[in-house]
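Trainee: Sequence lines, in order, name chains C and V.
Just so we're aligned, residue 1 is where the first sequence starts under the working numbering, counting upward by one.
Just so we're aligned, residue 1 is where the second sequence starts under the working numbering, counting upward by one.
Calculated from the structure, these hints are not laboratory results.
For each residue, glycine too, the CB sits at the ideal point set by N, CA and C.
Careful: at least some of the hints might be erroneous.
To be verified - What the simulated footprint calls covered on chain C by chain V, stretch by stretch (three residues with Cβ under 8 Å from a Cβ of chain V suffice, anywhere in the stretch; the number is not a length): (1) 9-23; (2) 27-35; (3) 58-68; (4) 228-235.
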Amino acid sequence: MAKNEKQWSSATPGLLIILLDQSGSMLSDYEGTTRTAFASLAVNKVIDNIIQKNFDGDAPKNRCFISVIGYNHNVKELCSGWLKELDENPLRYETLKKKTPDGAGGICEIEVKQPVWVEPITQDGATNMLGALNLAKDLASQWINDNPDGPAPVIINISDGVPYYDGKNPRVCMQETVSLAKEIMNMSNSDGNVLIFNAQIDKSSGTVVCPSDRNKVSQEEAQFLFDITSEIPDSYKAAAAKNELPIENGSRGCIFGADGVQLIQLIDFGSSKGQGDKGLA
Amino acid sequence: MKILAFITHKKAEHFQDCQDRFSINCDTKSVAVSDGMSQSWQQKIWAELLVNTFCNKECWVPNLASVRELSPIWKEKVEKYIQDLKDNNARESLIYRNERNLAEGKSAGATFVGVRFNGNNWECDVLGDSCLVAKIDNKYEFITSQDIEKFDNHPDYYDSDCKKQGRGELKNCEGLLSQSNPFVFLVSDPFSDFLLEHNKKGDIEEYAKQLLSITNHEEFEKLVADWRSIGMHNDDSTLVIIEYDGSEEWNIIYQDNLSELIQVKQNTTQMPMIFSKEEPKELSISQNIQISKEEFCEEFIKISKNIFAISPIKHLLCGKDKRRKIMEIELMHVAEKLYDYYEILKKN
Numbered sequence: 001m002a003k004n005e006k007q008w009s010s011a012t013p014g015l016l017i018i019l020l021d022q023s024g025s026m027l028s029d030y031e032g033t034t035r036t037a038f039a040s041l042a043v044n045k046v047i048d049n050i051i052q053k054n055f056d057g058d059a060p061k062n063r064c065f066i067s068v069i070g071y072n073h074n075v076k077e078l079c080s081g082w083l084k085e086l087d088e089n090p091l092r093y094e095t096l097k098k099k100t101p102d103g104a105g106g107i108c109e110i111e112v113k114q115p116v117w118v119e120p121i122t123q124d125g126a127t128n129m130l131g132a133l134n135l136a137k138d139l140a141s142q143w144i145n146d147n148p149d150g151p152a153p154v155i156i157n158i159s160d161g162v163p164y165y166d167g168k169n170p171r172v173c174m175q176e177t178v179s180l181a182k183e184i185m186n187m188s189n190s191d192g193n194v195l196i197f198n199a200q201i202d203k204s205s206g207t208v209v210c211p212s213d214r215n216k217v218s219q220e221e222a223q224f225l226f227d228i229t230s231e232i233p234d235s236y237k238a239a240a241a242k243n244e245l246p247i248e249n250g251s252r253g254c255i256f257g258a259d260g261v262q263l264i265q266l267i268d269f270g271s272s273k274g275q276g277d278k279g280l281a
Numbered sequence: 001m002k003i004l005a006f007i008t009h010k011k012a013e014h015f016q017d018c019q020d021r022f023s024i025n026c027d028t029k030s031v032a033v034s035d036g037m038s039q040s041w042q043q044k045i046w047a048e049l050l051v052n053t054f055c056n057k058e059c060w061v062p063n064l065a066s067v068r069e070l071s072p073i074w075k076e077k078v079e080k081y082i083q084d085l086k087d088n089n090a091r092e093s094l095i096y097r098n099e100r101n102l103a104e105g106k107s108a109g110a111t112f113v114g115v116r117f118n119g120n121n122w123e124c125d126v127l128g129d130s131c132l133v134a135k136i137d138n139k140y141e142f143i144t145s146q147d148i149e150k151f152d153n154h155p156d157y158y159d160s161d162c163k164k165q166g167r168g169e170l171k172n173c174e175g176l177l178s179q180s181n182p183f184v185f186l187v188s189d190p191f192s193d194f195l196l197e198h199n200k201k202g203d204i205e206e207y208a209k210q211l212l213s214i215t216n217h218e219e220f221e222k223l224v225a226d227w228r229s230i231g232m233h234n235d236d237s238t239l240v241i242i243e244y245d246g247s248e249e250w251n252i253i254y255q256d257n258l259s260e261l262i263q264v265k266q267n268t269t270q271m272p273m274i275f276s277k278e279e280p281k282e283l284s285i286s287q288n289i290q291i292s293k294e295e296f297c298e299e300f301i302k303i304s305k306n307i308f309a310i311s312p313i314k315h316l317l318c319g320k321d322k323r324r325k326i327m328e329i330e331l332m333h334v335a336e337k338l339y340d341y342y343e344i345l346k347k348n
């Protein structure tokens with residue numbers, strides 16, 4: 001049985017698709033900012049980190065193709081490309097404050113550059129998660145056709161709620177979305193099945209990390225996200241430990257009520273196939 | 001003795017991406033191979049520094065203390081590299097990423113194998129999964145610092161940061177090149193793994209013969225491609241052959257020059273399809289058209305690429321590089337027709 005063990009490499013590149021909820025509710029406050037600003041920054045940091053990890057001094061190695069798809073009532077490609085292309089074409093650079101040890105036992109604040117590929121939203125909209133997953137399915141399907149022996153694609157969905165589109169009843173939207181997500185999770189190549197991981201940007205269920213039991217989250221929205229999440233393959237366990245994600249048998253790759261660190265850990269974990277090649281101690 | 005040295009890059013990459021380095025010095029009778037580690041930074045500079053120091057300084061022995069002394073030299077070279085980028089107005093991201101790694105104290109890691117000769121006697125120092133393979137009395141010895149059964153993605157290595165330990169302990173070994181011990185190979189890990197596997201299977205002799213029959217880079221590339229197709233792992237691959245020929249004199253029969261290979265490849269390889277988000281330049285067709293056919297076609301392709309840049313995922317959906325290449329050829333035909341059309345207009 002295929003186990004999702006293939007590492008990303010230049011000869012066997014990976015596909016990482018990030019679906020980003022850009023519905024109106026993402027304008028709500030969260031962790032001292034808005035949900036949309038919080039999620040966008042996390043995505044920018046993760047893209048930046050993946051490029052940095054694959055950067056040898058001259059250029060990043062093209063070990064993966066990243067596509068970020070935003071969804072409100074529409075589904076929109078926010079940025080896509082091989083690592084080299086993304087590295088060369090951020091929308092802009094912004095300056096962030098970062099706390100760092102001052103070398104004398106204290107903490108000081110320094111300014112660091114942050115490339116920006118994804119901007120937060122400013123306008124209200126619906127939640128066409130189904131449309132985003134449909135596009136992700138097309139992408140993953142084409143990728144698998146072209147790379148039958150490469151690493152299986154990974155999809156990471158960042159959302160604060162349940163799908164809502166075309167004025168349909170949210171429960172119908174959820175059923176349709178679960179059904180599509182299951183189709184995607186059943187797609188496979190020789191490496192294994194397509195993986196879907198989820199992060200919920202909402203603290204109503206408290207913070208729950210990689211649960212193995214659906215009942216560990218009580219909120220209906222959270223249970224829906226649990227249903228559209230893949231079980232973590234054994235081959236990802238070392239990466240989970242490295243990212244301090246507590247997992248057990250049957251754990252699913254989802255986080256509810258994620259803080260900034262956890263959200264980055266989850267996405268980082270989802271892209272961990274790009275980090276296994278000849279690392280330093 | 002006869003010396004031949006070959007190097008190539010991973011499949012799907014280029015020579016400029018190659019993180020292996022080797023050095024040969026006939027004066028000090030030294031040869032070294034180093035494999036810069038993928039998930040480290042500026043590993044090419046580090047690997048080059050290690051092999052050059054070993055080969056150029058006759059008394060230099062690579063141990064933790066002596067390697068630590070190279071640390072500031074590596075840092076100086078990296079800082080100069082970054083300064084050169086700034087002086088040459090390099091891309092912002094290139095400067096940003098190097099400065100970020102420098103500020104965060106990121107370092108390079110590299111494996112090492114070096115051999116020095118005194119007459120036909122040799123002494124070898126090795127750290128990591130680069131290794132020396134010697135034929136001794138019809139048997140093959142694999143000299144490496146690691147348990148050969150435990151080659152994995154975390155080999156022993158020297159770290160370019162003097163505050164970091166690296167991993168593993170240097171192994172030292174001696175031997176003699178003679179009629180009954182006719183050659184040694186210095187190799188990076190794809191060859192180490194592959195030859196080791198065939199040593200276990202008992203058919204290594206056949207593969208060693210293939211290595212000894214190579215005389216130039218093209219033959220080496222063919223052998224690497226063939227071996228990759230039968231299980232040698234896809235990584236930068238370096239091979240140095242030192243073969244007994246009855247003489248103590250060093251005779252370099254052939255050695256690859258990595259700088260030249262990088263240059264040749266850059267001059268002959270087409271630019272990869274990169275989705276640039278530069279604003280398309282306007283192509284003005286004035287009455288006095290001062291543009292060659294080639295310039296016009298190149299401009300057309302550049303504009304087309306900018307148009308494609310609008311949606312890379314649409315490209316992904318409609319196919320991979322092969323299909324894009326076909327599209328590029330078709331566009332070239334369109335461009336040529338357009339050119340002919342403007343030519344006619346100009347004449348009229």
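Trainee: Check the structure against each numbered hint from earlier and tell me which ones fail, lowest number first.
Mentor: Per hint list: 2, 4 violated.
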